[in-house]
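K.L.:
Heads up: the sequence lines are chains A and B, in that order.
Counting from 1 along the first sequence, just add 16 to a position and that's the residue number in my numbering.
Counting from 1, position 201 in the second sequence corresponds to residue 184 in my numbering; the numbering is continuous, with no gaps.
Hints listed in this document are in silico derivations from the structure and should not be mistaken for laboratory results.
Quick caveat: nothing in here was measured; it's all calculated off a predicted structure.
Glycine is no exception: its CB is placed at the ideal position from the N, C-alpha and C atoms.
Some hints could be false.
[To be verified] Each computed DSBU-like pair below joins lysine-lysine, with the alpha-carbon atoms no more than 30 Å apart:
1. Lys181/B with Lys519/A
2. Lys319/A with Lys436/A
3. Lys185/B with Lys517/A
4. Lys534/A with Lys108/B
5. Lys98/B with Lys503/A
6. Lys517/A with Lys98/B
7. Lys191/A with Lys226/A
[What the hints assert, rightly or not] Negatives, chain B to chain A, calculated, CB over 12 Å:
8. Ile63
9. Gln127
10. Asp130
11. Gly137
12. Leu138
13. Asn140
14. Ser161
15. Arg164
16. Asp165
17. Gly174
18. Thr175
19. Ser176
20. Asp184
21. Lys185
22. Arg187
23. Ala189
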Amino acid sequence: MAFEVGIGASIAGARTIVCMKHVGVNVAADPLMTFAYTGLKGGFVLVSADDPEMHSSQNEQDNRFFAKFAKIPMLEPSDSQECYDFVGIALDISEQFDTPVMLRMTTRISHSMAPVEIRPWQDKPVLGFTVDIAKYVMMPNFAKPRQQAVLRRLDDLGRYSETTPLNRIEWGSKKVGIVTSGISYQHAKEALPDASFFKLGFSYPMPLDKLADFAKKVERVIVVEELEPFIEDALKVAGIKCSGKQYFPIYGELNPTRAERGFADAGLLEVSPGGEMKPFAVLPRPPVLCPGCSHRSVFYALKKMGAHVFGDIGCYTLSALPPLEAVHACICMGASIGMANGVAQVQGSDRPVFAVIGDSTFLHSGMTGLLDAVYNKTNLNVIILDNRITAMTGGQMHAATGHTLSGEETRRVNFVELTKALGADTVQEFDPYDFEAAQKILKDVTKRKGVNVLITTRPCMLFPKKIKGEAYRIVPDECTGCGVCLKIGCPAIARSEQVTKKKLFIPIIDETLCTGCKLCADICPPKCIYLLSELPAGKEV
Amino acid sequence: MTIEKSTKTKDKSSKNSVPVNVLIVGVGGQGVLLASQILSDVALQSGFDVKKSEVHGMAQRGGVVSSHIRFGKKVYSPLIPNGKADVILAFERAEALRWVHELKPGGSMIVNDQKLIPPIAADKKYTYPDDALTTLKTRVKKMQILDAAKIAEGLGNTRLANTVLLGALSTTLDVDMSIWRDVITRRVPKGTSDANLKAFDKGRGA
Ligand SMILES: Cc1ncc(C[n+]2csc(CCOP(=O)(O)OP(=O)(O)O)c2C)c(N)n1
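Kindly generate the complete structure, drawing on both the sequences and the hints.
P.N.:
Written as structure tokens, this is what we have:
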């Protein structure tokens, strides 16, 4: 969607920048592949941030291939200053060559800070849309000539790549020439500062003549790049002798140490001292649902029902981890409903089947899945976890929050009306903090036929502002040490040093963290968890 | 992300041709990111090239958080090479143990004496390392352990704990004190700068 809005802005003559993570380009691939044909009016830059090492992603993919796939130019900044500068250059290239330009980032570029020199900036007027059917209407008779234009453009860009200062040589020792781009340049430069460097800032199409010339002037060429051998393969196809992935991993991110090890394997240096201490095996500390998170009770109930849960991408995916372990598949944004639909269609589960999807994700790519389930007469239960925010990615607004991304008030989508309009047979809202009622609603819905939608009604605890309610406390002499309250994975509840008469651990609630969602109190068998203001006589604060 | 270059840059080109590496670690929500931001500002105002890197996607969800800050005449990679941190500031005991192998031989470590047991420890498969401090003492010579929350409580506000830790950190680095004070004054909420500067001094003396 964002990409298509961007196309509109650009062909109406506005300079446009559209940003997404690597998997976002998978979704935007359809318009990208054809926008590459039409070209544009106002400069268009696609910022794509890859996530080598999968710091916070479901997969690792090298989006440099998208530039090659779509036959559009690609720029790769290697630090904050270049990020800043390359956007302006990319816009100029876009307008000069009538092409979208990809600015390829990685996590380490995006999540770094460094000093940046701010340069003067000139606003460009929006030129306005003009009809040009042969350019903007892509059907075979118009697309074929555009395809030829793309091929000519690629030749022109190849020549530009040979001369642009974005591709620069830093001469050092001629014993080895390093060819590199993006963040890999920084790691390699730190590990082997005296080598000669060919730093690609404009890395597609590559300046193959200049690279061949560089290769002739050094004894050997080593390519340093994260993920796929994108540069290495191109050099080899062009007949330039080099090595790369032989010494550097094809997955994960590089760092100065991995770069140094690669160079050591290549016989170029000896590994420097340091880093000899072995890491200690310390218990893991995976991210968890916050205290009071409205997602928690839903997954605890689904677990107790023994349901098969087809999940989606968001904070709630964390429910796949112990102790809840109540998400059983997660592929990409919006996949939950489709997957559950498929399972239902082949009658592939003897358990209750649920699709569980966040509010933001439902609006992003869940609606069509729901429509499809209705259309194909599937029996399906869908839970929309409406915490009224895009929590996982830091609390962005969406179409059902009542605010735009820039914070202005706007219309607010109503999930009940929306899902009814999409054809759901039943739609019901429920309060996830009323555990008993929620459990009953989840059980009842499995007895119904058709497409049934359940929608939760509690906001996120963190965004847009922190919510802190009155805390609960465990009264130790009433506690049996059964440990049930520890099974919901609440960070506010931990084992204490105290034990029961039977030597079982008595848990303790951190009252500064507890937000008072009361799930633990609801599920506590001996009912020994009390609101601070309702502690039994003699135990008051 | 960008931070504007300070106009007050001093020339320190003779110093620090090899970058100083500071690793700040802790648990999501503890304030690791703000502390690393303050240190980066201090280094930048001192006239150094600075790079800072952290992945904070999971930071708010009680996961492990680490931030690399490197400063010197010229910094290439934003990541500290393995086992080459000059200083590690750990906001929590188990996290100190998790990261200590990144300390270079002879490096300094500052450990906040706080224990945060992750919910995963409810599962008997996992135990919290209660002996973390003892183990650390056998590995690191230059180590300072302080209970920042307690010191902050003594000053009348537990929220000052992170500034206490920054005070302790400042003793391990060769940076002008007036710059620290200047940055802290600018970075903390309005009206709290006096209290924060007091906490900073307490941390220096701790
Ligand atoms: C195609 C794509 N774009 C962006 C992302 C990044 N992303 C991860 S989770 C998420 C949205 C989560 O929001 P929501 O579904 O409301 O769940 P919550 O985190 O609020 O529980 C996004 C946009 C992604 N994984 N895939």
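K.L.:
Decide, hint by hint, whether the structure agrees.
P.N.:
Hint-by-hint comparison with the structure:
| no. | hint | in the structure |
| --- | --- | --- |
| 1 | Lys181/B with Lys519/A | 46 Å, violated |
| 2 | Lys319/A with Lys436/A | 27 Å, holds |
| 3 | Lys185/B with Lys517/A | 44 Å, violated |
| 4 | Lys534/A with Lys108/B | 27 Å, holds |
| 5 | Lys98/B with Lys503/A | 21 Å, holds |
| 6 | Lys517/A with Lys98/B | 26 Å, holds |
| 7 | Lys191/A with Lys226/A | 18 Å, holds |
| 8 | Ile63 | 8 Å, violated |
| 9 | Gln127 | 19 Å, holds |
| 10 | Asp130 | 17 Å, holds |
| 11 | Gly137 | 18 Å, holds |
| 12 | Leu138 | 18 Å, holds |
| 13 | Asn140 | 14 Å, holds |
| 14 | Ser161 | 20 Å, holds |
| 15 | Arg164 | 21 Å, holds |
| 16 | Asp165 | 17 Å, holds |
| 17 | Gly174 | 20 Å, holds |
| 18 | Thr175 | 18 Å, holds |
| 19 | Ser176 | 23 Å, holds |
| 20 | Asp184 | 26 Å, holds |
| 21 | Lys185 | 22 Å, holds |
| 22 | Arg187 | 26 Å, holds |
| 23 | Ala189 | 23 Å, holds |
The structure shown violates the earlier hints numbered 1, 3 and 8.
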